[in-house]
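Sequences are here, hints too, so could you generate the full structure?
Number of protein chains: 2
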Amino acid sequence: MKFKARLLDIQAGGRRIAILDDETASLLGAHSSDRVKITYKNHQIIAIVNIASNFPHNYIGVYEEISKTLGIRDEEQVEVQPAQAPESLRYVQKKIRGERLRESEIKAIVKDVVERHLSDIELASFVTALYVRGLSMSEIEVLSRAMVESGKTLNLKKSPILDKHSIGGMPGDKTTILLVPIIAAAGFIIPKTSSRAITSPAGTADRVETLCPVNLTIEEIKEVVNKTNGCMAWGGALELAPADDLFIQIEYPLEIDPLLLPSIMSKKKAIGATHIVIDIPTGRGVKIKTIGEAHTLAYDFMDLGKRLGINAQCAVTFGEQPLGYAIGPALEAKEALNAIMGNGPADLKEKTTNIAGILLEMVGIENGKKKAEDILQSGKAERKLREIIEAQGGEPKIMPDDIKIGDKKAEVTAEEGGRVLWINNESIAQIAREAGAPKEKGSGVILKVKLGDKLGKGEVLFEIYAERNTKLEAATELAKKIPPIGTGEKLEEKMLIDRIPTKIIHKKAFTLER
Amino acid sequence: MKFKARLLDIQAGGRRIAILDDETASLLGAHSSDRVKITYKNHQIIAIVNIASNFPHNYIGVYEEISKTLGIRDEEQVEVQPAQAPESLRYVQKKIRGERLRESEIKAIVKDVVERHLSDIELASFVTALYVRGLSMSEIEVLSRAMVESGKTLNLKKSPILDKHSIGGMPGDKTTILLVPIIAAAGFIIPKTSSRAITSPAGTADRVETLCPVNLTIEEIKEVVNKTNGCMAWGGALELAPADDLFIQIEYPLEIDPLLLPSIMSKKKAIGATHIVIDIPTGRGVKIKTIGEAHTLAYDFMDLGKRLGINAQCAVTFGEQPLGYAIGPALEAKEALNAIMGNGPADLKEKTTNIAGILLEMVGIENGKKKAEDILQSGKAERKLREIIEAQGGEPKIMPDDIKIGDKKAEVTAEEGGRVLWINNESIAQIAREAGAPKEKGSGVILKVKLGDKLGKGEVLFEIYAERNTKLEAATELAKKIPPIGTGEKLEEKMLIDRIPTKIIHKKAFTLER
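Residue numbers (our numbering), protein chains in the order written: chain A, 1 to 514; chain B, 1 to 514.
You may find that some hints are simply not true.
Intra- or inter-copy, both count: the list cannot distinguish identical chains.
Cut-off 35 Å, straight-line C-alpha distance, at most; resulting in silico cross-link-like pairs (DSBU-like, lysine-lysine) [unchecked claim]:
1) 41 / 409
2) 2 / 68
3) 409 / 490
4) 37 / 409
5) 481 / 152
6) 289 / 94
7) 94 / 107
8) 289 / 306
9) 157 / 370
If you're looking for bench data, these hints aren't it; they were derived computationally from the structure. What you are looking at is a predicted structure, and each value in this text was computed from that prediction instead of being measured.
Have a look at this one:
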């Protein structure tokens with residue numbers, strides 16, 4: 001049938017959506033969520049029907065994704081025909097029924113995800129089915145490979161290529177800023193790509209961006225790595241595994257991540273990693289709560305690595321408090337810069353040299369941790385960091401005080417003296433976000449104490465930094481509602497954890513950082 | 001934060017969606033699918049964020065659902081703040097994890113579905129989780145009640161109130177058009193509401209609409225029922241269980257219907273039914289394939305009925321071929337009118353009087369089937385049908401030949417003589433849809449033979465009727481690809497059912513008719 005095109009002057013977030021009114025849709029025999037094929041001058045596109053009851057009859061409304069692809073102008077006639085749902089929907093339904101998917105079926109799904117042939121409803125159902133039904137390791141392997149094949153790859157033509165990844169959830173984890181220079185200074189290639197914060201106060205890309213640009217193209221990454229052995233780039237726009245970026249958009253509102261393993265490993269495969277350490281922070285305040293869970297996940301990572309031709313090892317790390325003292329992009333970058341210059345917190349250095357040590361030992365270096373410590377202490381890591389900053393277009397002589405921190409500041413003090421008995425990662429993260437992180441880069445939290453530290457009543461527990469007074473006030477208010485640090489003489493005197501009913505403040509507590 | 005409103009001049013299908021560009025969204029700390037609260041002159045609304053990369057900075061785009069509710073005009077300033085996901089999302093996640101939901105949790109979900117606080121992604125995940133995890137009978141009961149409470153009800157202030165429902169899947173099932181007049185003529189109240197076709201060639205509302213208007217309001221239904229004891233109205237716009245209408249929009253593309261029981265029974269409860277017969281067509285070509293499955297479902301219906309205060313009984317009926325000979329809205333109405341006037345097919349009369357008989361026996365009438373047959377044969381049913389047609393605004397003297405049938409016609413003949421060995425319901429339905437049903441009411445299929453009938457080579461198997469030549473041709477073509485009727489001397493001579501690989505024509509084969 002022929003309808004007139006009504007161009008909607010906006011995008012639909014990549015979705016291929018066509019608007020029809022009820023009457024026009026029923027002329028086609030199309031219901032909401034059905035497919036139609038739109039043809040214009042030998043160009044064709046499959047779109048998913050949305051019904052809008054006030055839309056003009058015999059018009060088809062198209063968002064920019066469609067109008068640009070077809071080259072249609074407003075009011076032009078297009079041919080519209082009913083079209084079938086893609087074959088991959090059958091495989092989504094198979095997984096809903098709990099069946100195992102074949103290689104060709106998984107590939108068809110990934111292809112249709114990337115080409116936007118599956119609707120949000122279908123994707124949400126698929127992600128939920130994956131979560132409930134699970135995936136065999138063979139399915140995970142095929143899915144990882146399909147996600148790599150659907151995207152771009154970084155072909156450095158070198159080997160070995162080292163990498164690290166944290167499954168996240170630990171506020172203040174600025175390990176990468178120290179680790180990449182250590183590995184690169186040791187003479188190994190480490191083309192690190194990182195994400196921006198999704199649910200946390202800072203992602204590695206957010207942190208590094210206060211030191212130098214991170215928005216590199218694949219070609220620029222190659223140049224930086226060829227010059228310095230390493231890089232710290234934002235991975236988000238590289239299209240390394242575009243299917244995964246779309247899955248994440250579905251996982252985020254649902255707060256489930258059945259695709260954790262293929263998501264992480266496909267991106268590592270896409271940059272050509274041959275040796276990788278996965279950091280699994282473990283503890284009550286992070287995604288993985290127990291050592292047992294951490295071990296299960298670690299063996300899955302190693303198994304998947306083997307299947308993909310990547311030597312993967314895992315580090316289970318202490319995750320019951322933030323790493324270092326700083327939380328927030330600029331505050332963390334400053335702490336990392338201080339640390340690489342010799343003045344950083346012990347836990348940050350300890351964790352970094354441990355992970356760097358494992359990586360170095362994987363490629364044949366003996367006493368890896370000692371080697372990493374030497375590189376850090378000798379100043380070689382600092383020089384390498386400055387090389388990388390320069391190669392990425394930053395100021396190589398940057399000093400910690402050059403990093404701009406929010407000029408609004410509040411202190412939160414202890415109502416009771418004694419020891420720090422617990423620190424709630426989630427509360428710290430929420431307060432830092434309320435203060436403006438990660439968007440307002442100078443905002444966040446500086447802890448003044450860590451677990452086990454002694455302090456007196458009225459002493460400062462932590463400082464809140466913000467770029468705007470309203471944000472500072474909001475964060476200070478929130479800190480009163482969800483006190484993130486508990487102090488007292490002994491845990492034995494703090495037996496009441498919560499009183500129910502009580503006001504539960506639920507902000508997004510789901511970790512989705514890749 | 002304050003942004004300018006950009007009014008999008010269309011609806012989002014009832015969804016409350018706000019468009020932001022990446023920059024503006026990240027100022028708010030909002031990602032795609034996050035909630036924002038939009039405030040304008042003391043009016044507030046929660047919307048779900050969609051990101052459009054080409055949208056102007058510091059603008060918030062709103063569809064009509066939002067602009068009308070708030071009364072905003074284009075370019076006016078609104079206050080936008082991040083908002084949390086509704087509490088009900090926690091309960092959706094509980095069901096994803098496989099936990100049983102409490103009454104208050106189910107009610108919260110239904111309320112948020114109706115108020116459009118849950119996104120398509122969240123709804124799709126919920127429906128998938130229900131399908132995979134299942135619902136206990138207590139959960140089904142609470143869900144049914146919550147769906148009734150969320151909508152309008154028909155308060156006839158009479159008792160008993162009778163009803164029937166078919167779970168569908170059988171082409172040509174025009175039982176209702178005979179059954180309602182029989183029950184009403186017997187002196188019982190039967191306020192029947194029916195759906196239009198979703199995946200079939202005709203819903204009861206589509207059939208009845210060729211006899212009289214079906215688009216009645218609740219008040220009009222009351223008037224018709226008070227006058228005639230019965231009615232045959234379209235239920236779709238009555239808002240009897242609006243949550244269900246929204247669930248159906250999600251179930252449709254996924255082709256799963258975990259809400260079958262609460263969906264049907266909530267609507268029966270909403271019209272005040274006290275006695276109901278559920279027809280469960282059973283056979284290879286319908287939703288329920290085996291007698292065993294039919295029994296399981298029947299006991300669930302009866303159990304749920306008891307919990308809702310409805311006496312529900314079930315009829316397991318033969319579903320291996322269409323009912324009667326006609327498939328398509330007008331063709332079926334004509335056949336039904338002929339039947340009630342004494343000239344209809346045996347299976348239609350047999351099925352109708354059986355189901356009517358069960359209903360009559362449930363309210364204390366002895367020999368129900370005999371009573372139903374008497375009403376039908378005596379002409380009382382016909383007179384009652386004409387009363388109902390008149391009360392609903394139709395022409396009471398309508399004769400079968402007054403019903404307009406498509407004037408394009410094709411015949412499909414037998415390539416082999418013998419007996420009719422099988423009839424494929426699904427193929428028949430697809431051919432009728434291809435011919436234009438249900439939208440083009442005069443189109444469809446007339447079978448010339450039924451299972452077991454003898455015929456010679458070249459004799460007519462069925463006729464296709466259409467209102468347009470293009471549709472007639474398309475349906476004729478389809479009939480060649482998916483022959484719906486198999487003939488031959490003996491089944492023993494037809495051992496090959498399918499050859500694989502072969503071209504599989506997958507049109508929507510999912511039954512979603514409520």
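Cross-check of the supplied hints:
For the identical chains of this complex, residue 41 and residue 409 are inter-copy neighbours only, at 33 Å across copies versus 61 Å inside a copy, given an alpha-carbon limit of 35 Å. For a Cα distance limit of 35 Å, the shortest separation of residue 2 from residue 68 qualifies both inside one copy, at 19 Å, and across copies, at 31 Å. Within a single copy, residue 409 and residue 490 get their C-alpha atoms as close as 31 Å, which meets the 35 Å cut-off; across copies the closest is 90 Å, which misses it. Only between protomers do residue 37 and residue 409 lie at most 35 Å apart by alpha-carbon distance; the minimum there is 28 Å, versus 57 Å within a single protomer.
In this assembly of identical chains, residue 481 and residue 152 lie within 35 Å of each other by CA distance neither inside one copy nor across copies; the values are 45 Å within and 42 Å between. With identical chains, the CA atoms of residue 289 and residue 94 are at most 35 Å apart both within one copy (32 Å) and between copies (19 Å). Taking the shortest alpha-carbon separations for residue 94 and residue 107, both the intra-copy value of 14 Å and the inter-copy value of 30 Å come in at or below 35 Å. Proximity of residue 289 to residue 306 under the C-alpha cut-off of 35 Å is restricted to the intra-copy arrangement: shortest distance 26 Å within a copy versus 45 Å between copies.
Within a single copy, residue 157 and residue 370 get their C-alpha atoms as close as 29 Å, which meets the 35 Å cut-off; across copies the closest is 86 Å, which misses it.
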